[in-house]
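Undergrad: This is what each chain is made of:
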Amino acid sequence: MSATISEIASPASSPATVAAPAFPAAEPRKPLGKREIVADHPTWCPGCGDFAVLALYYKLVEKRQLWHERITTVSGIGCSSRFPYFVQAHGAHFIHGRALPFASGVSLSRPDLHVFAFMGDGDAFSIGGNHFTHAARKNVNLTCVVMDNEVYGLTKKQTSPTSPLGFKSKTDVWGSVDQPINPLKQAIMAGATFVARTASTNPNHILQMMEAALDHEGFSFIECLSECVEFYPGAFDGANPRKGGQFREVPKEHDVTNEVAATNWRASPSQVASAFSTRSSVRPKTPSRPGSTPATRVKSRGWRTGRFSRKHSTA
Amino acid sequence: MALGASYAGRLAVTGSSGPGISLKTEALGWGVMAEVPLVVVDVQRGGPSTGLPTNVEQSDLNIACFGGHGDSPRVVLAPANVEDCFYTAIEAVNLARKYSVPVIILTDQAIATRIEAFEEPALSKVCQSIEPSLTPVASHKPYDLAAPNGMTTHLPPGTRILDGRYPVITGLEHDEFGHPTGSPKLHLAMSAKRRHKLQVLADELPVPRVYGPPEGRVLLVGWGSTQGPIHEAVDQCRAAGESVSALHLKHLFPLPNGLEEIFDGFTHIRVVEMNDEGVYGFGQLAGILRARYCNPKILSLNKADGLTFKVREIILRVRETVQDGMNKF
Numbered sequence: 001m002s003a004t005i006s007e008i009a010s011p012a013s014s015p016a017t018v019a020a021p022a023f024p025a026a027e028p029r030k031p032l033g034k035r036e037i038v039a040d041h042p043t044w045c046p047g048c049g050d051f052a053v054l055a056l057y058y059k060l061v062e063k064r065q066l067w068h069e070r071i072t073t074v075s076g077i078g079c080s081s082r083f084p085y086f087v088q089a090h091g092a093h094f095i096h097g098r099a100l101p102f103a104s105g106v107s108l109s110r111p112d113l114h115v116f117a118f119m120g121d122g123d124a125f126s127i128g129g130n131h132f133t134h135a136a137r138k139n140v141n142l143t144c145v146v147m148d149n150e151v152y153g154l155t156k157k158q159t160s161p162t163s164p165l166g167f168k169s170k171t172d173v174w175g176s177v178d179q180p181i182n183p184l185k186q187a188i189m190a191g192a193t194f195v196a197r198t199a200s201t202n203p204n205h206i207l208q209m210m211e212a213a214l215d216h217e218g219f220s221f222i223e224c225l226s227e228c229v230e231f232y233p234g235a236f237d238g239a240n241p242r243k244g245g246q247f248r249e250v251p252k253e254h255d256v257t258n259e260v261a262a263t264n265w266r267a268s269p270s271q272v273a274s275a276f277s278t279r280s281s282v283r284p285k286t287p288s289r290p291g292s293t294p295a296t297r298v299k300s301r302g303w304r305t306g307r308f309s310r311k312h313s314t315a
Numbered sequence: 001m002a003l004g005a006s007y008a009g010r011l012a013v014t015g016s017s018g019p020g021i022s023l024k025t026e027a028l029g030w031g032v033m034a035e036v037p038l039v040v041v042d043v044q045r046g047g048p049s050t051g052l053p054t055n056v057e058q059s060d061l062n063i064a065c066f067g068g069h070g071d072s073p074r075v076v077l078a079p080a081n082v083e084d085c086f087y088t089a090i091e092a093v094n095l096a097r098k099y100s101v102p103v104i105i106l107t108d109q110a111i112a113t114r115i116e117a118f119e120e121p122a123l124s125k126v127c128q129s130i131e132p133s134l135t136p137v138a139s140h141k142p143y144d145l146a147a148p149n150g151m152t153t154h155l156p157p158g159t160r161i162l163d164g165r166y167p168v169i170t171g172l173e174h175d176e177f178g179h180p181t182g183s184p185k186l187h188l189a190m191s192a193k194r195r196h197k198l199q200v201l202a203d204e205l206p207v208p209r210v211y212g213p214p215e216g217r218v219l220l221v222g223w224g225s226t227q228g229p230i231h232e233a234v235d236q237c238r239a240a241g242e243s244v245s246a247l248h249l250k251h252l253f254p255l256p257n258g259l260e261e262i263f264d265g266f267t268h269i270r271v272v273e274m275n276d277e278g279v280y281g282f283g284q285l286a287g288i289l290r291a292r293y294c295n296p297k298i299l300s301l302n303k304a305d306g307l308t309f310k311v312r313e314i315i316l317r318v319r320e321t322v323q324d325g326m327n328k329f
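Here the protein sequences line up with chains C and X, keeping their order.
Counting in the numbering used here, the first sequence runs from 1 upward without gaps.
Counting in the numbering used here, the second sequence runs from 1 upward without gaps.
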């Protein structure tokens with residue numbers, strides 16, 4: 001006798017889910033404060049957008065009292081992926097691009113944990129591109145935060161999958177000729193159930209998005225435009241009101257459950273693909289002669305001695 | 001994903017064939033560096049590349065033992081038949097958990113597609129509960145250098161650590177708390193820790209038993225699925241009055257201690273394996289054994305046509321290559 005489709009889809013006949021291990025009884029504890037969350041001092045360059053994400057993550061942990069044993073912080077490779085060392089929690093620093101499968105493994109085998117995966121644009125959209133699609137498609141219960149700086153910063157300025165057309169870098173000395181990918185579009189197309197974009201210059205919005213992602217059941221994706229002050233300064237000035245840009249949010253009347261509306265809204269040319277705020281308006285919209293677009297007029301700040309000195313805690 | 005599940009406290013078993021193993025070698029190296037237990041089943045097929053997807057070969061031994069960049073010692077086991085697969089899997093899980101290291105099970109297409117009857121295992125005896133324990137601990141060093149024999153185990157996430165210092169499990173060279181370091185001293189100490197665990201394991205491995213008399217003219221050394229034809233070849237040769245014995249290795253990396261003594265008891269040693277004789281004229285296990293024991297008696301008997309050994313082939317080729325006769329004088 002073959003099962004009907006409704007039988008197959010019903011939770012009762014789905015394969016047994018993994019049960020959470022039994023927790024030892026908890027005794028009353030002092031509230032979780034920032035002191036308990038902070039670990040190593042970040043090794044990022046001063047002014048890096050990633051500091052905002054880290055600070056707001058501390059804030060999130062503190063505000064929602066996410067005890068150390070309730071969360072796991074996972075990352076891939078890159079500047080952003082140093083994240084777990086700066087947070088006092090169980091963490092894992094995995095290989096390049098594969099933070100999401102690793103996080104999926106943790107999430108699937110331990111439903112009692114909330115898994116945060118922190119990665120950069122190279123991690124999520126280049127080497128880990130297929131993992132991103134599949135984690136979104138499978139709707140694995142985890143929060144994926146991509147700190148997108150539109151450049152490979154750790155390796156000192158090479159073109160990343162989100163670098164705009166005409167972006168001059170060490171790998172594209174005449175300006176990038178490849179169309180950048182649109183992470184939000186990709187996430188929505190892959191079936192992600194929570195998609196957000198925010199910017200490191202708007203801390204309130206980051207926290208708001210992180211809280212929403214935390215409360216979301218399933219795969220939640222936050223793209224945080226996080227400026228690389230060293231190798232792509234000014235990349236997101238267009239989303240920063242203090243630099244003459246505009247931080248546009250999704251209109252209140254947008255129905256978040258309406259995928260068609262999200263798709264249509266995304267396609268509207270006046271509002272560059274974005275679910276919650278807008279991507280930098282300095283991004284050239286059409287391919288043009290390399291080197292002539294505003295985005296490529298990046299002032300070189302030169303090498304600053306000592307910026308990348310290793311300051312690892314060995315304690 | 002498997003490493004993620006293992007890290008989370010539920011040891012994962014994953015399976016693939018040669019190309020999949022090649023692809024995931026980077027992650028396997030992470031498992032060695034981060035000291036995360038994992039069991040990988042490699043069902044070998046003809047290679048390299050897409051190779052002979054439905055044919056058999058024993059040519060993944062080198063990648064299983066040495067694959068990956070850097071010094072990354074791991075454990076490699078090879079079951080000899082279907083029943084052995086069952087018990088090897090249990091052993092692999094136990095070793096992975098005890099030594100916190102990835103364990104590779106090298107089977108091949110010849111075993112994977114074989115049907116054999118064996119006695120029903122006493123499931124109530126062999127089954128064990130390996131639920132992660134989340135009992136709070138006072139403090140924890142994930143890579144404690146003071147641990148006996150360098151053997152440390154990770155706490156699954158979700159465990160409360162009372163001193164508030166939580167570990168990061170990492171592929172970067174790390175200090176005892178898992179935080180990255182470039183210190184030459186720590187790299188030496190941590191490399192030694194990872195190596196030493198397997199030296200301890202080698203001491204604990206049982207010495208394999210010789211099939212046939214423990215001394216004689218010819219010793220056939222095999223591993224994995226070739227056990228059947230090799231043992232039958234030994235039986236037939238001995239029935240014909242020839243002095244032939246066999247040694248079947250299950251623990252390929254690290255090798256158990258005590259093989260030197262066994263090799264000393266024979267005039268000729270032939271390593272029977274289904275792979276190419278290589279640039280230097282030795283198959284993969286023969287190469288490893290020669291490097292390990294510096295014994296010039298160790299020679300290869302290879303077959304790499306994607307088919308399993310026939311008993312006749314083994315006997316004929318041993319008779320051909322052992323010029324001074326196989327009878328014991």
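Read the hints as simulated data drawn from the structure, not as lab findings.
Be aware that a few hints might be false.
What the hints assert, rightly or not - Quick look at which bits of chain C chain X covers, simulated, 3 or more residues with Cβ under 8 Å:
| id | segment |
| --- | --- |
| 1 | 60-70 |
| 2 | 108-116 |
| 3 | 165-179 |
To be verified - Lysine-lysine pairs mimicking DSSO-like chemistry, simulated, CA-CA at most 30 Å apart:
| id | chain 1 | residue 1 | chain 2 | residue 2 |
| --- | --- | --- | --- | --- |
| 4 | C | LYS156 | X | LYS185 |
| 5 | C | LYS63 | X | LYS141 |
| 6 | C | LYS156 | C | LYS243 |
| 7 | C | LYS34 | C | LYS59 |
| 8 | C | LYS63 | C | LYS252 |
| 9 | X | LYS141 | C | LYS30 |
| 10 | C | LYS168 | C | LYS156 |
| 11 | C | LYS59 | C | LYS168 |
| 12 | X | LYS141 | X | LYS185 |
| 13 | C | LYS63 | C | LYS34 |
| 14 | C | LYS34 | X | LYS141 |
| 15 | X | LYS98 | X | LYS185 |
| 16 | C | LYS138 | C | LYS185 |
| 17 | C | LYS59 | X | LYS185 |
| 18 | C | LYS156 | C | LYS138 |
Stated by the list, open to error - Partial chain X-side listing against chain C, Cβ under 7 Å, derived:
| id | residue |
| --- | --- |
| 19 | LEU3 |
| 20 | GLY20 |
| 21 | PRO132 |
| 22 | PRO157 |
| 23 | TYR166 |
| 24 | ILE169 |
| 25 | GLY171 |
| 26 | HIS179 |
| 27 | ALA192 |
| 28 | ARG194 |
Quick caveat: nothing in here was measured; it's all calculated off a predicted structure.
Think of the CB as a built atom: it goes at the ideal place given N, C-alpha and C, for glycine as much as any other residue.
Undergrad: Could you run down the list of hints and mark each one as holding or not?
TA: Cross-check of the supplied hints:
no.	hint	in the structure
1	60-70	holds (count 4)
2	108-116	holds (count 5)
3	165-179	violated (count 0)
4	C:LYS156 <-> X:LYS185	holds, 28 Å
5	C:LYS63 <-> X:LYS141	holds, 28 Å
6	C:LYS156 <-> C:LYS243	holds, 25 Å
7	C:LYS34 <-> C:LYS59	holds, 8 Å
8	C:LYS63 <-> C:LYS252	holds, 25 Å
9	X:LYS141 <-> C:LYS30	holds, 24 Å
10	C:LYS168 <-> C:LYS156	holds, 12 Å
11	C:LYS59 <-> C:LYS168	violated, 36 Å
12	X:LYS141 <-> X:LYS185	holds, 18 Å
13	C:LYS63 <-> C:LYS34	holds, 10 Å
14	C:LYS34 <-> X:LYS141	holds, 22 Å
15	X:LYS98 <-> X:LYS185	holds, 26 Å
16	C:LYS138 <-> C:LYS185	holds, 17 Å
17	C:LYS59 <-> X:LYS185	violated, 37 Å
18	C:LYS156 <-> C:LYS138	violated, 34 Å
19	LEU3	holds, 6 Å
20	GLY20	violated, 14 Å
21	PRO132	holds, 5 Å
22	PRO157	holds, 3 Å
23	TYR166	holds, 5 Å
24	ILE169	holds, 4 Å
25	GLY171	holds, 6 Å
26	HIS179	holds, 6 Å
27	ALA192	violated, 18 Å
28	ARG194	violated, 17 Å
Comparing the model with each numbered hint stated earlier shows that hints 3, 11, 17, 18, 20, 27 and 28 do not hold.
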